[in-house]
Amino acid sequence: MDLKRRIVLAATLVAAALPLAAQERFIAVASTTSTEQSGLFKHLLPIFERKTGIKVRVVALGTGQALDMGRRGDADVVFVHDPAAEKKFVDDGFGVNYKQVMYNDFVLIGPKSDPAKIAGGKDILAALKKVEGAKAPFVSRGDKSGTHAAELRYWKSAGVDIATQKGPWYKETGSGMGPALNTASSMGGYILADRGTWLAFKNRGDLAILVEGDQKLFNQYGIMLVNPAKHGHVKKDLGDAFINWVVSPEGQKAIAEYKIGGEQLFFPNYKGH
Amino acid sequence: MGVIVAAVRDAFGLMLRLDAQLLEIVGLSLQVSLSAVAIATALALPIGAAIAVSRFRGRQTVVVILNALMGLPPVVVGLLVYLLLSRAGPLGQLGLLFTPSAMVIAQTILILPIIAALARQAVEDAWREYQEQLRSLGAGGWTAALTLVWDIRFSLLTAVLAGLGRAAAEVGAVMIVGGNIDGVTRVMTTAIALETSKGDLPLALGLGVILLTLVLLLNAAAYTLKEAAQRRYG
Amino acid sequence: MADEPMRAPGSILPLRLENVSFAAGGRTIIDRVSLAFEAGPRTIILGPNGAGKSVLMRLCHGLLAPSSGRIEWATPERPGERRRQAMVFQRPVMLRRSAIANVVYALKLAGIAAPERIRQARAALESVGLADLADGAARVLSGGEQQRLALARAWALRPEVLFLDEPTASLDPGASAEVERIIQAIHAAGTKIVMTTHNLGQARRLGDEILFLNQGCLAERAAVDRFFNQPASAEAQAFIKGELPWT
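Residue numbers (our numbering), protein chains in the order written: chain E, 1 to 273; chain P, 1 to 234; chain U, 1 to 247.
Here chain E stands alone, though its shape is the one from the complex (with noise of 0.2 Å):
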């Protein structure tokens, strides 16, 4: 066909590619691929967008890449898990309506064989300590995420400079908590993660809970709003709608009766009513 009618037709098919975004309400929520591959959002947006029709788009990266999808003003709200770094956040202008939503536990999770002798431990900086001088496979996430910079946290606090004194045994993935732990199953390593993604993941092979219950392992969820002011397009009313929901009494309702095999994997913990 000829040239005219081809650009034509070129036109048309990109016309009918472009979204009909006008009619539909929705959001975009920079979060955690953790928090996803759990499986919360599939459990709690259905309630919410029945309730108020505001579709929720969640796009789930590590915690370092969330924030800065925040700044650039990609994303209307950001939903993840790293204190330190959401405070700084908000310090620096790119959050507002911030908010303390739920936290969830981390676990360490090793090989049945367990090669540092750290199984059924409550305690885990010791366990670190162990994990160190034994110089046992120890995956780590590396990514800039929550996950990751709790994980560095621990290593610290158990006066393990990690910077220095890793080695061959300890394997930094860059990749995200599903990855990680694949990678930690196929070589029988130890590898921090949140219950979440545990009681959801798949491929254990030969891996188990190890350490848990420490009080130190437990791992809080921030919400906030993007701030308008630095992003003129952010939908602030839809945004808000959203966050004030997941702290309502509803809202985190709906958090708590989420359940893998029965478990409960995060525990709300809002405290501003």
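Note that these hints are calculated values from the structure, not bench results. Fair warning: this is a prediction, and the values are worked out from it, not measured in the lab. Ideal Cβ placement from N, Cα and C applies to all residues, glycine included. Among the hints, a few may not be true.
[As the list claims (entries may be wrong)] Listed below are the simulated SDA-like cross-link pairs for lysine to any residue, each with C-alpha atoms no more than 25 Å apart in a straight line:
{"#": "1", "chain 1": "E", "residue 1": "Lys202", "chain 2": "P", "residue 2": "Glu132"}
{"#": "2", "chain 1": "E", "residue 1": "Lys171", "chain 2": "E", "residue 2": "Asp206"}
{"#": "3", "chain 1": "E", "residue 1": "Lys144", "chain 2": "P", "residue 2": "Val75"}
{"#": "4", "chain 1": "E", "residue 1": "Lys112", "chain 2": "P", "residue 2": "Leu201"}
{"#": "5", "chain 1": "E", "residue 1": "Lys55", "chain 2": "P", "residue 2": "Gly27"}
{"#": "6", "chain 1": "P", "residue 1": "Lys226", "chain 2": "P", "residue 2": "Asp182"}
{"#": "7", "chain 1": "U", "residue 1": "Lys108", "chain 2": "P", "residue 2": "Leu216"}
{"#": "8", "chain 1": "E", "residue 1": "Lys55", "chain 2": "P", "residue 2": "Leu201"}
{"#": "9", "chain 1": "E", "residue 1": "Lys87", "chain 2": "P", "residue 2": "Pro202"}
{"#": "10", "chain 1": "E", "residue 1": "Lys259", "chain 2": "P", "residue 2": "Gly183"}
{"#": "11", "chain 1": "E", "residue 1": "Lys236", "chain 2": "P", "residue 2": "Ser86"}
{"#": "12", "chain 1": "U", "residue 1": "Lys108", "chain 2": "P", "residue 2": "Leu212"}
{"#": "13", "chain 1": "E", "residue 1": "Lys236", "chain 2": "P", "residue 2": "Asp182"}
{"#": "14", "chain 1": "U", "residue 1": "Lys108", "chain 2": "P", "residue 2": "Trp142"}
{"#": "15", "chain 1": "E", "residue 1": "Lys202", "chain 2": "P", "residue 2": "Ser86"}
{"#": "16", "chain 1": "E", "residue 1": "Lys202", "chain 2": "P", "residue 2": "Trp142"}
{"#": "17", "chain 1": "E", "residue 1": "Lys230", "chain 2": "P", "residue 2": "Pro90"}
{"#": "18", "chain 1": "E", "residue 1": "Lys55", "chain 2": "P", "residue 2": "Ala88"}
{"#": "19", "chain 1": "E", "residue 1": "Lys99", "chain 2": "E", "residue 2": "Lys135"}
{"#": "20", "chain 1": "E", "residue 1": "Lys99", "chain 2": "E", "residue 2": "Ala84"}
{"#": "21", "chain 1": "E", "residue 1": "Lys135", "chain 2": "E", "residue 2": "Asp206"}
{"#": "22", "chain 1": "E", "residue 1": "Lys202", "chain 2": "P", "residue 2": "Leu201"}
{"#": "23", "chain 1": "E", "residue 1": "Lys144", "chain 2": "P", "residue 2": "Val171"}
{"#": "24", "chain 1": "E", "residue 1": "Lys259", "chain 2": "P", "residue 2": "Thr196"}
{"#": "25", "chain 1": "E", "residue 1": "Lys202", "chain 2": "P", "residue 2": "Met1"}
{"#": "26", "chain 1": "E", "residue 1": "Lys55", "chain 2": "P", "residue 2": "Gln21"}
{"#": "27", "chain 1": "E", "residue 1": "Lys42", "chain 2": "P", "residue 2": "Met1"}
{"#": "28", "chain 1": "E", "residue 1": "Lys112", "chain 2": "P", "residue 2": "Asp200"}
{"#": "29", "chain 1": "E", "residue 1": "Lys112", "chain 2": "P", "residue 2": "Ala169"}
{"#": "30", "chain 1": "E", "residue 1": "Lys202", "chain 2": "P", "residue 2": "Tyr233"}
{"#": "31", "chain 1": "E", "residue 1": "Lys202", "chain 2": "P", "residue 2": "Leu22"}
{"#": "32", "chain 1": "E", "residue 1": "Lys51", "chain 2": "P", "residue 2": "Gly183"}
[Stated by the list, open to error] Chain E residues, not near chain P, derived (Cβ > 12 Å throughout):
{"#": "33", "residue": "Phe26"}
{"#": "34", "residue": "Ala30"}
{"#": "35", "residue": "Gly53"}
{"#": "36", "residue": "Ala60"}
{"#": "37", "residue": "Gln165"}
{"#": "38", "residue": "Gly167"}
{"#": "39", "residue": "Pro179"}
{"#": "40", "residue": "Ala180"}
Add chains P and U to chain E, keeping to what the hints say.
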């Protein structure tokens, strides 16, 4: 081996149940990749044909660069388009990031050089055969190029299929510019990546089987078309 | 023969070559050739391999540009205007369409209106005996049929000059005879024929004058009978001897 068997079983299970979510994902994959192929072909065929029949300074360099661009890494294209479409970027006003349109744009950029380079090769080979006769009849420039392209249209189908294969198979570009949002920008490849990272390997493989089957069917259809045309027109 | 050839007003003939040379890849293929093609006589270009016959034809037809010298038609060709000369090549090149569609394509390029195109195409196919094969695919025809189709296509354009580059070299004797018959018919209808061939018998049958080319130069030009019976140049003599097995 057990994983693969489980995968094939999962795949058939999903297909037979006509799982709604699966249909959504497959539908979006087809929509994005076929749109990208349509747009890229509309641009790439004239570009490839033009380069094939013209003589200009630096032509050899252009050909080499075009061929090299066939190997554009999808994740690099994704990153570049992301930076363009991000709110912090030059085209942020359009609000296209994390939509299927962004995915179409990224894939179009990715496959355009492939179709153009392969088309250029096919047209150049045909040009050698047809050139004197077409010029003798008074067909110059655009007329000759278009006549050629139409005459070898079934050979060019191969170039288009190469582009489609690349688009349907890539995950790097659509993951970055689409965000793999459930129900909005999740396509087969990003769904496979997600299920893999959740450790649900049989499901991931199952989706892979479906993807491969689709691409296979498209290729088989095109091949049949080519053969029929060959018999009809010689 | 009249002293001054007949010339129609507005004709593109005579075609004049003035000191035309053509070089490629460091080699001189045509070396300072000057001549004129007049309307009327069927011109056959002969010469040994590598003499430059095909290149000379392509220079005249406009497919190649001379390295030096001038090639001028009496009425210059303007781009976009209908061509008044056509060429048939040794191997016919057909589009992947029906036989009649190939002729229609050429007529479309010549600016003929749609209903006329089909009528003229059918007439052209009739005149070369391909009317029955009009709607079949062109590229599945035999070599001889395709060459006749190429002639039909060229003739449909009603050219003033028809160049033919070894048109029967790839054909069997039966097909060759058919092609020769068609060339005679085209000439009888008023088109100037300029042809190259390796077949000396064909040159005698079809030609009125011979242009003998050797190593890129015009070595001799004569009426066909004079050329074969009393070749003036030593090269022509050697050529005829070499090519005629019964001499």
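Hints that the structure is at odds with (numbers, increasing): Failing hints, ascending: 1, 6, 7, 8, 9, 12, 15, 16, 19, 27, 29, 30, 33, 34, 36, 39, 40.
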